[in-house]
Amino acid sequence: MIETRLLHQFVILAEELHFHRAAERLHMAQPPLSQAVRKLEEKVGARLFTRSNRHVALTEAGVAFLDTAKACLASLEQGALRARRIEAGLAGRLAITFVGTARRDLVPLALRTFRSRFPEVELVLREATTAKQIEALRGKQADIGFMRWPGIPAADIRFERIEREPVLAALPDDHPLATGAAIRLEQLAGEDFIMTPRDEGVSFHDQLIALCRHAGFEPRVTQEACEMQTVVGLVAGGIGVALVPASAGQENRKGAVFCPIITTAPDELSHMDMVLGWRADMSSSIRDSFIDVVRQVAKADTR
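Numbering of the sequence shown is given in my numbering, commencing with residue 1476 and proceeding in unit increments.
Be a bit skeptical, because a hint or two may be false.
Claimed, not checked - Straight-line C-alpha distance at most 25 Å; calculated SDA-like pairs for lysine to any residue:
#  : residue 1 : residue 2
1  : LYS1545   : LYS1607
2  : LYS1729   : ASP1580
3  : LYS1545   : LYS1615
4  : LYS1615   : ARG1633
5  : LYS1615   : ARG1754
6  : LYS1607   : PRO1647
7  : LYS1774   : GLU1640
8  : LYS1545   : GLY1564
9  : LYS1545   : ALA1570
10 : LYS1607   : ARG1560
11 : LYS1545   : LEU1569
12 : LYS1514   : GLU1478
Stated by the list, open to error - What follows is a list of derived Cβ distance ranges for each label pair:
#  : residue 1 : residue 2 : range
13 : ASP1674   : ARG1695   : 35 to 43 Å
14 : ARG1496   : THR1543   : 41 to 49 Å
15 : ALA1657   : ARG1695   : 20 to 28 Å
16 : ALA1549   : MET1476   : 32 to 40 Å
17 : THR1543   : GLN1616   : 32 to 40 Å
18 : GLN1616   : ALA1657   : 38 to 46 Å
19 : HIS1502   : ARG1522   : 20 to 28 Å
20 : ARG1559   : GLU1702   : 54 to 62 Å
21 : PRO1672   : GLN1616   : 15 to 23 Å
22 : THR1697   : GLN1725   : 19 to 27 Å
23 : GLY1614   : PRO1672   : 52 to 60 Å
24 : ALA1657   : ASP1681   : 40 to 48 Å
25 : MET1757   : ARG1659   : 24 to 32 Å
Derived from the structure by calculation, the hints contain no laboratory data. Every residue, glycine too, gets a C-beta built ideally from N, C-alpha and C.
Construct the complete structure from the given sequences, taking the supplied hints into account.
Given below as structure tokens:
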């Protein structure tokens, strides 16, 4: 292994071709510099300089090795610079997961803002259910995720609410109540409901069940779908009705109509929370910078 110190001393001497001037540039005495050159030549296995009392010159081997030495030092400096920028949260890679109901304006605006401020950070995006996001965070396959409250113990994951949106009723467009006007939730009692599986999002599933129970009925779930886009698609296909976050209605899916619901249920039931989740036991300057951007975007959106 050749020390970078020896490479640096070699390059300076090759530039000066004078031991005294090179030693001054290196802020060292001349004898240690001579010893360093001999040590480097031993490690390389070739003479790099011809030298006499009045003349110092690179050998043919020295000329060839000079390019390698400069390239090594430049590569090392670039690596050190990148490491410093990663440490400062200015460069690197950030793996982000998100649920299909992540609002269509908040997430894109946060991503656009972050990329404009941190262009050297590579963003890797993947859609996943809340349960799959928790697994990805724990398996270090994701750094941060946009998700619903998981509703399961997750002491190793930190959550922060970034928005709250109302729950809407999604109805086939030929449904008698599909006028777009607000409906009472109890009017959907007896309908076939489409929901996401409980094991893909415990809190999301249980909240909608509790919301129906608050309205005085038990929803008859006849169809399940993991992704919200699929739920809305099944509604549009006339398979049943669904309760969805307001963001799902931004798609303007042909065949589906989204109606506000009238309910006396508390906000914790009649509204859906979107949260950011990340590993509480791992530090990341890049991730923290992304969280700051999301907070700023979410705050500006509520003004």
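Structure-inconsistent hints, enumerated in ascending order:
Hints 1, 3, 6, 8, 9, 10, 11, 13, 14, 16, 20, 23, 24 and 25 are the ones this structure does not satisfy, whereas the remaining hints hold.
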